[in-house]
Amino acid sequence: MSVTELQERHIAATETVNNLRERLKQRRLSLLDTDIAGYARSQGRTPVTFGPTDLVCCRTLQGHTGKVYSLDWTSEKNRIVSASQDGRLIVWNALTSQKTHAIKLPCAWVMTCAFSPTGQSVACGGLDSVCSIFNLNSPSDRDGNLAVSRMLSGHKGYVSSCQYVPDEDTHLITGSGDQTCVLWDITTGLRTSVFGGEFQSGHTADVLSISINGSNSRMFVSGSCDSTARLWDTRVASRAVRTFHGHKGDVNTVKFFPDGNRFGTGSDDGTCRLFDIRTGHQLQVYHQQHSDNEIAQVISIAFSISGRLLFAGYTNGNCYVWDTLLAKVVLDLGSLQNTHEGRISCLGLSADGSALCTGSWDTNLKIWAFGGYRKVI
Amino acid sequence: MVFTPNLICRFFFVTYHYCLLLVPPNPSLTTTAITACYSAISCSVYFTFTLLLLLLHFLTSSSSMATPMLRSSSSVPSLPPPSPKSPPEYPDLYGKRREMARVHMLEREITFLEEELKSAEGLQPASRCCKEIADYVIANSDPLLPSNKKNRRSCRFWKWLCSMPCFNLSWICCCCCCCEGLSINLKLPSCCCNCKPCSCSCSCLPSIKCSLPKWRCCCSCPKSHCCKDSCGFGNCCTFPTSCNFGCPSCPSCCTCKCTCTCSCPSCPKVSSCCCCTESCWRSSCLCC
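Chains as they are written, first to last, in full-length UniProt numbering: chain A, 1 to 377; chain B, 1 to 288.
Hints are computed from structural coordinates only; laboratory data are not their basis.
Hints are not guaranteed to be accurate.
With a straight-line cut-off of 30 Å between C-alpha atoms, the simulated BS3-like cross-links for lysine-lysine are [what the hints assert, rightly or not]:
{"#": "1", "chain 1": "A", "residue 1": "248", "chain 2": "B", "residue 2": "96"}
{"#": "2", "chain 1": "A", "residue 1": "156", "chain 2": "B", "residue 2": "96"}
{"#": "3", "chain 1": "A", "residue 1": "248", "chain 2": "A", "residue 2": "328"}
{"#": "4", "chain 1": "B", "residue 1": "118", "chain 2": "B", "residue 2": "131"}
{"#": "5", "chain 1": "B", "residue 1": "131", "chain 2": "A", "residue 2": "328"}
{"#": "6", "chain 1": "A", "residue 1": "156", "chain 2": "A", "residue 2": "328"}
{"#": "7", "chain 1": "A", "residue 1": "248", "chain 2": "A", "residue 2": "156"}
{"#": "8", "chain 1": "B", "residue 1": "131", "chain 2": "A", "residue 2": "25"}
{"#": "9", "chain 1": "A", "residue 1": "104", "chain 2": "B", "residue 2": "96"}
{"#": "10", "chain 1": "A", "residue 1": "156", "chain 2": "B", "residue 2": "118"}
These stretches of chain B come out as covered by chain A in the derived footprint (C-beta under 8 Å, 3 or more residues) [to be verified]:
{"#": "11", "segment": "95-103"}
{"#": "12", "segment": "107-118"}
{"#": "13", "segment": "130-138"}
Built from N, CA and C at the ideal position, the CB exists for glycine as well.
With the rest of the complex left out, here is chain B (with noise of 0.2 Å):
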């Protein structure tokens, strides 16, 4: 028997494609001999690989595949081709439930639906809730906005702001605190920055800077920090000593009448309730 390449290839059906694709189209006597030894050696090689593959995978299939599959692999030269399987004959009793699962909660959500929609019948109308957002948004205040209507709240956000160390504020630190009852309308004070006496530190506490008993604290008030009812600058208790220079008028300690009045012409920008004490003539005021 010759073993030409076609024949050996013939033998191993699968492989004939590949060993047609090894051999020349026209091929001499000499180089057919090589060719097909060449060709046999490559079948082999490769019939080799795809048995080994086979019986990989009757051995993968075996337990859930009848045995005559084997068996007619073994007498059929050509493996069958590949077919679908069909899927198993059981109930889908999980796909059930699931889809009742899914029933149930539209039908849970109709519910819902109802009675949202009885419900939405007595609903009140935008307006009113936008009037309640407005009514809101307008009687408190807020220590972002730029105009505000409540003094507390804007003191404990200087007191915050002030306590920034790296940021110079301190001139706001002389202007805001103890704002408590007290109208103040401030721009940026420029010549007004000097503000050494910074001492009321922002707090309020009447315990701290007022020593005199039965009188308000009221830090903005000069050198006694003390005033009687309202903290203003009109109410201000004031040492003797510290109208003693231009102010003609200036009653006895304590008796919040001294009203001193002396303009400060070096501070354009700061309104009239800033105070002048004895530095004032020294080309700088305090602010209260």
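Excised from the complex, chain A in its bound form (with noise of 0.2 Å):
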């Protein structure tokens, strides 16, 4: 076949695949029949409503000396992993605000970090395109520093994200700049398998986040900047389950939902949304207008142990607390005493659900917890 041939080939299942896309697209329009907001509103459903000391700050972790990017709890809930401008990565006991742990990086540019399943390790990533794992039982040499113990190498860009899979401290799955996720086995320090890539069905775009589903592992979400979001199985590489359209930017940021079913994102238009992994459709949108018409990007998100509470940290240094059923903003962490003071950067919830950790721009890393009125019924 010449050349010619191939490229009218080409052309002829470009719209093939535009035709059936929109087709698709046209289908799952006519299956949206209500949003969550509108179906909670049928019900009667009322938002929550916080109080000005609801949620309080109880601790600030001061110890960074530049930007926090980003942070990871343990399972067994007080302690958080922090990765800095500084290029330190620092474990911190969040009960008693003290470092147990300040690890020098070998390259200082890092993106992401995560603490493993059962607490022994550390992982981060950054620009050397490397994924980087710390022991933090091994000894440290004489300057104090921890060295690497295993180094993941194969991605052909930054590494964006990294999550270890649950209940296995083997298993890391990273994403990155090169348009691929890569699930690790940390034993072998080798790729187990690649999910994307340029002749692969994948994001045609740097991945910028993931998220593993905590109730069934092998499945896992991404984020990229081709403004989709896709689902993938680790079982296969080859194509991923599902991909979610409708934001109109990069998606910055994915996080399953509680129940496993469901995950939201956050994006570069300005948008948090929420899809049903199953059915693919996208169930609300969340988004704030502003006075201004400014839109400000969804940094970072994350949800409370329920699922009521969405909270989205913004480039504008808002951090919106959203009642996912109503769709409102019911309150604005930004915005409260004792805040930080600059953009909050990463969000986390502790495994029980009882704290919310922020990190920013401030090089401070807050722990936000309830301190109100409970009423128990």
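Could you fit the two chains together into a complex? Lean on the hints.
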């Protein structure tokens, strides 16, 4: 077959793909009979109300000298690892605010960090395109630095996101600027599966975020600069299970809903969205219209343990608490007392859902917990 | 032969314009000679430099270019103008394979989309998913929410919060721990912060506090920390001495019928779940 014929086939195939996508879109639209807010209103639900002291800052973790870019809680709830522009990972005891480890990184350009399920090790990645693993129990050197216990190299672009597979200290998934996600075997340091890539059915731009399903650790979702989120099955690397369209900008952050059947996204288009993984429906758009029509991009999101609250950090410094059922902003953490002085860049809920940790460009982390009137029925 | 500037420069054709720049517009005879010498030196330097460049060019291109080019350059005084080379005549296999891979990828995508479209026929409407979410959210308690239905989770939360040393929530400790089965309705009890017996330490473990056999631990029960059936003030085991001040009818030890209903007049914001103890008569009371 000549190149000209191939090009003709390419044009025809592209046209077919676009037609099919449009038909699928129309079909989905016909099934969107309501959204969550509409349904909740029809059921007479009322929004959550927060008093000024209901959510209080209990702790400020000070120690970084640069912007905080990423954080992660341990599953046993009272430890946090944070990654900062200062080129260090700090492991905190959230209860006492004390630092248990301050790890100087070989490459200071860190973007993401994660705690292993057992809390024995931490992982980080960044512009060096490598995911580095540190064993917290290994002895530190003369300067007090912890040596890298494993380097997971193979990405051809920056490592934007990493997360351990729940209940497995030996497997980790990374998202990268090379448009792929990779499942790693930490024991061997080798790639178990690569999701996407040049000739795979995957993202067509940088992957910015990943989230593994807590209910089914074989499934994970990725958000990308191609304005889509994709659902992957770790057993099938060749193609995404489903692609979720809707955003009109880079999908900066993705997070599974606590029930494992839905996930949330945050985007440069200023919206957070909730998608259903089984049907592919976009169930809700969380968008706050500003008076100046300026779009504040969503950087990071987190769900409360029941899923009722969606915390979203924006580029303008706001950190809205959304009522997921009524799609209303019920609180702005950015306007509370003792809040951060800079942009809130990362968010994370403790394992039992009783505390929220926020990391900011003001170099601090803060822990928020409920501190107000509690009515137990 | 007289070496006029123009002649020198014409000889070294390449630098002609350079020489023109150096010669004044109306030179006198005296200055012409000086200028000529000056120009000659300048042109020579320039020529040497140009020659070196040309040599370098020929040396580097000699491997890929034909030798006649070198011969012609020696015979022709000026260099031929540079002409773009035509692409090589070999077949572009790499581009073809790339294009083929792209087509295959698109055709695979078509198959996937057709499958998805087919499966979309049987999809449930969005309202079903919305109902599932609403049911899930309502059914699960949330320690970050102002209201809760389940108590155990909130106990866990309070335990966490209470253990924070520098955030003074000791009044919560006194009021929150062991809320198992107990209906409480609390607001900040400003007068009730003297929770000296916060001894239950937010622990509901039976073995810790209730030393009486066959009785349940109930931290909210004053002194005894024991109760029968559900944990609540009405079911508390009370020792006879605990009701000796103002409560007329208090049965014997551990009958769980003692209903000491002394009011706490000095604690207006504390709801009725607060029970009076000995300390109540000293203008303070103990929350259950």
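These are the hints, each one checked on the structure:
Between residue 248 (chain A) and residue 96 (chain B) the alpha-carbon distance is near 34 Å, which puts this suggested pair outside the 30 Å criterion. Distance check on the hinted pair: residue 156 (chain A) and residue 96 (chain B) sit about 24 Å apart at the alpha-carbon level, within 30 Å; holds. At most 30 Å may separate the alpha-carbon atoms for a hinted pair to count; residue 248 (chain A) and residue 328 (chain A) meet this at roughly 21 Å. For the hint linking residue 118 (chain B) to residue 131 (chain B), the alpha-carbon distance of about 25 Å falls within 30 Å, and the restraint holds.
Pair hint residue 131 (chain B) plus residue 328 (chain A) holds up; C-alpha atoms about 18 Å apart against a cutoff of 30 Å. Between the alpha carbons of residue 156 (chain A) and residue 328 (chain A) the distance comes to roughly 41 Å, so the proposed pair goes past 30 Å and is violated. Only pairs whose Cα atoms come within 30 Å are accepted, and residue 248 (chain A) paired with residue 156 (chain A) is accepted, the gap being roughly 26 Å. For the hint pairing residue 131 (chain B) with residue 25 (chain A), the CA-to-CA distance comes to about 22 Å; that is within 30 Å, so the pair holds.
For a cut-off of 30 Å, the pair hint linking residue 104 (chain A) to residue 96 (chain B) is broken: about 48 Å separates their Cα positions. Between residue 156 (chain A) and residue 118 (chain B) the CA atoms are separated by roughly 36 Å; this puts the pair beyond 30 Å, and the hint is violated. Counting residues of the segment 95-103 of chain B whose C-beta sits closer than 8 Å to any C-beta of chain A gives 7, which meets the bar of three, so the coverage hint holds. Under a criterion of three residues with beta carbons nearer than 8 Å to beta carbons of chain A, the stated coverage of the segment 107-118 of chain B is upheld, 9 such residues being counted.
Closer than 8 Å: that is the beta-carbon criterion, and the segment 130-138 of chain B has 7 residues meeting it against chain A, so the requirement of 3 holds.
Of the hints listed earlier, those the structure fails to meet are numbers 1, 6, 9 and 10, in rising order.
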